[in-house]
Amino acid sequence: MATDGTADGGLAARTEALESILVEKGYVQPAALDRIISTYERDVGPRNGAQVVARSWTDPDYRERLRADATAAIAELGFGGRQGEHMVAVENTPDEHHLVVCTLCSCYPWPVLGLPPTWYKSPAYRSRAVLDPRGVLADFGVTLPERTRVTVHDSTAEVRYLVVPMRPAGTEGLDESSLAELVTRDAMIGTALL
Amino acid sequence: MATDGTADGGLAARTEALESILVEKGYVQPAALDRIISTYERDVGPRNGAQVVARSWTDPDYRERLRADATAAIAELGFGGRQGEHMVAVENTPDEHHLVVCTLCSCYPWPVLGLPPTWYKSPAYRSRAVLDPRGVLADFGVTLPERTRVTVHDSTAEVRYLVVPMRPAGTEGLDESSLAELVTRDAMIGTALL
Amino acid sequence: MNGAADLGGMMGFGPVAPESDGEYFHAEWERRILALTLAVGAAGRWSIDASRHARESLPPGVYLTSSYYAIWATALERLLVEHGLVGADELAAGRSLRPGEPVPVLDAARVPAVLAAGSPYDRPVAAPASFGVGDRVRTRVIHPSGHTRLPRYARGKAGVVARVHGAHVLPDSSAHGAGEAPQWLYSVRFDGRELWGEGADAGLAVTIEAWEGYLDPA
Amino acid sequence: MNGAADLGGMMGFGPVAPESDGEYFHAEWERRILALTLAVGAAGRWSIDASRHARESLPPGVYLTSSYYAIWATALERLLVEHGLVGADELAAGRSLRPGEPVPVLDAARVPAVLAAGSPYDRPVAAPASFGVGDRVRTRVIHPSGHTRLPRYARGKAGVVARVHGAHVLPDSSAHGAGEAPQWLYSVRFDGRELWGEGADAGLAVTIEAWEGYLDPA
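Protein chains in written order, with our numbering: chain A, 1 to 194; chain B, 1 to 194; chain C, 1 to 218; chain D, 1 to 218.
Any given hint could turn out to be false.
As the list claims (entries may be wrong) - Negatives, chain A to chain C, calculated, CB over 12 angstroms:
(1) Gln-29
(2) Ala-31
(3) Asp-34
(4) Gln-51
(5) Tyr-62
(6) Glu-96
(7) Val-100
(8) Leu-131
(9) Asp-175
(10) Ser-178
Said to hold, decoys possible - Computed footprint of chain D on chain C, listed as stretches where at least three residues anywhere in the stretch have a Cβ under 8 angstroms from a Cβ of chain D:
(11) 39 to 45
(12) 93 to 104
It should be emphasised that the hints constitute simulated quantities derived from the structure, not laboratory data. Positions of the beta carbon are idealized from the N, C-alpha and C atoms, including for glycine.
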């Protein structure tokens with residue numbers, strides 16, 4: 001796959017023409033397009049997921065609800081919708097590390113993580129995550145202990161996975177919003193540790 | 001795969017440079033290159049295989065030897081060598097049709113058929129021959145009777161296959177060399193009938 | 001289909017190139033293709049499964065040498081033409097040549113609500129689930145020419161049911177306009193050695209979501 | 001390796017385009033690349049298996065968008081550099097910058113004899129064959145990062161030994177300069193339904209050549 005920064009083969013012009021066709025035919029409103037873009041560039045992103053993770057670290061009852069029905073528990077914090085209709089949260093432990101991929105396309109939990117990064121959609125990641133996850137983690141500079149098993153979740157349906165990373169040591173004194181600051185997007189995909 | 005007639009991305013110039021490097025360094029003789037090319041453009045081609053097929057149609061003892069050790073039987077007619085060191089002949093019957101492919105690259109019996117055609121090396125042929133051979137045959141305009149089973153030989157080692165097509169009806173009066181005229185390259189790969 | 005999109009287990013793509021947070025787009029047209037794809041979906045002419053099938057149906061060489069939003073752009077053009085919303089002549093001309101069909105349109109004011117609502121894919125079914133958590137199952141060996149969400153690397157493999165999700169729309173049907181045909185959906189967990197053989201990481205497990213029709217008891 | 005060259009069962013390439021006899025080349029450089037590949041093989045620095053591995057190791061997008069002789073050209077350049085016969089600087093300069101290594105050279109006068117002789121791949125081995133014609137076997141599930149000649153579609157599948165070929169050079173070893181490591185080689189015949197499931201053509205059988213190490217008794 002070419003990186004998105006390479007020569008676009010006329011895609012800028014094709015897209016502009018396509019948009020004008022669809023607007024002229026009355027199928028789309030330009031303002032709706034702007035609003036979709038601003039939603040995913042400004043409003044919806046990994047800060048949402050970080051709040052879910054921090055809450056689960058600090059509130060044992062919430063953690064139980066997240067385990068039992070992640071879609072509902074995430075909705076409690078006001079997040080949900082497109083590409084997050086059916087959520088599952090999986091918790092990392094010293095014994096088991098979770099990693100999320102979509103080998104077939106680019107399925108990703110938009111309401112909690114926003115749009116997927118380019119690498120998540122790349123053939124390099126999609127091909128290797130299920131076969132050699134430790135090799136993929138090495139590309140991210142991550143080395144797991146030998147004893148830690150790796151469970152890879154291939155998102156082949158409309159179920160979306162959120163990885164709950166392990167709470168870092170020495171964070172006992174932090175409140176929920178300070179904890180949320182520590183949670184990175186990659187940690188919620190499983191390609192980073194905290 | 002681009003057809004070989006499309007823009008070559010500088011391959012003509014690259015090849016010319018590569019040849020001059022290899023000649024200057026004393027690794028190859030230009031006359032040897034010319035001789036290799038003329039061998040496979042003029043001397044070695046499907047007429048060789050056609051002689052083998054015609055002989056097997058007309059000489060029952062030869063046919064037995066071809067069945068038992070195709071490499072040796074083909075060598076009787078003076079054919080053998082590179083990409084034909086280990087030959088197997090498979091005979092089409094009303095019950096079983098044979099088709100040859102190399103899904104992994106382009107293995108092909110050079111001493112009896114010459115160099116492979118472009119389609120034989122194409123992803124379209126290599127991908128589909130083992131899964132949907134009747135669909136591939138349809139691309140060649142060939143329809144087999146329902147009752148005819150299809151056996152596809154995927155040439156994954158240095159063993160090379162020669163398909164012996166069925167002798168056409170009404171050829172009882174023809175001599176061996178006239179029969180050889182009837183045998184086409186594609187019939188000896190299994191993508192044509194006679 | 002066994003298209004270029006079915007990448008699990010393939011080799012030769014080199015290392016993954018990590019990228020920092022917030023790098024969603026690399027050109028303005030990518031923003032617009034994403035938004036156009038979502039917005040015109042409101043017309044209701046095709047399902048998300050049909051979109052995925054349009055992308056995976058690109059010739060493998062094209063798929064593997066295109067950026068991700070370039071794949072989306074080409075697939076969107078094809079869907080619009082196939083479903084009669086835009087003419088091939090209009091794409092060639094780069095402008096509208098006739099009035100559009102009457103279709104539902106996504107109103108700008110409703111965008112946040114529509115995105116936040118999503119469109120759940122679970123459906124009621126009469127039949128009970130055939131499998132429960134802990135049951136051993138084997139995925140079927142299928143190679144359909146149409147859309148499926150059973151990846152090649154996970155066909156004919158034995159695993160254990162890890163979750164029961166309810167009944168969901170079946171992509172193999174929905175992608176081709178053949179109805180939602182909901183089936184029970186399960187998470188199935190495979191040992192890495194079952195998928196990849198003895199050379200696999202001893203601590204590896206992989207889960208997929210599998211519809212009931214993908215599974216046999218094992 | 002599970003590279004782009006392992007094409008059996010993949011979909012999306014469209015129909016096969018038949019071509020008449022005698023259309024071996026479509027440009028003069030194709031003739032020269034074929035001849036150069038064969039001629040420089042006489043230097044003895046790599047095996048035919050190493051050549052195949054150099055080709056299958058191309059990035060999948062490159063492999064699937066290159067013409068066949070373009071793949072050969074790129075692989076030949078890589079092999080020459082990897083094996084120290086040509087410098088990357090010389091390829092960049094487009095000319096020789098230093099004297100060559102002393103290697104065996106294919107003499108023009110000997111070309112017909114060398115091509116007609118070939119180089120057989122059968123080797124004597126002490127151990128008897130483990131399988132005989134008619135034996136049921138199952139191919140192993142392997143996904144090596146290096147070269148193998150067991151195609152993905154035929155891994156983990158049950159079949160019957162149809163021929164015993166003698167012991168042959170093992171590509172999985174030879175491709176990596178690790179010796180010929182000969183093993184018994186068999187034709188194994190699979191029912192189409194074993195490979196492709198119930199949707200397969202009922203009259204289909206597929207044979208592959210499989211080295212003994214690819215097989216378990218079944």
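Which of the listed hints are broken here?
Of the numbered hints, 1, 2, 3, 6, 7, 8, 11 and 12 do not hold.
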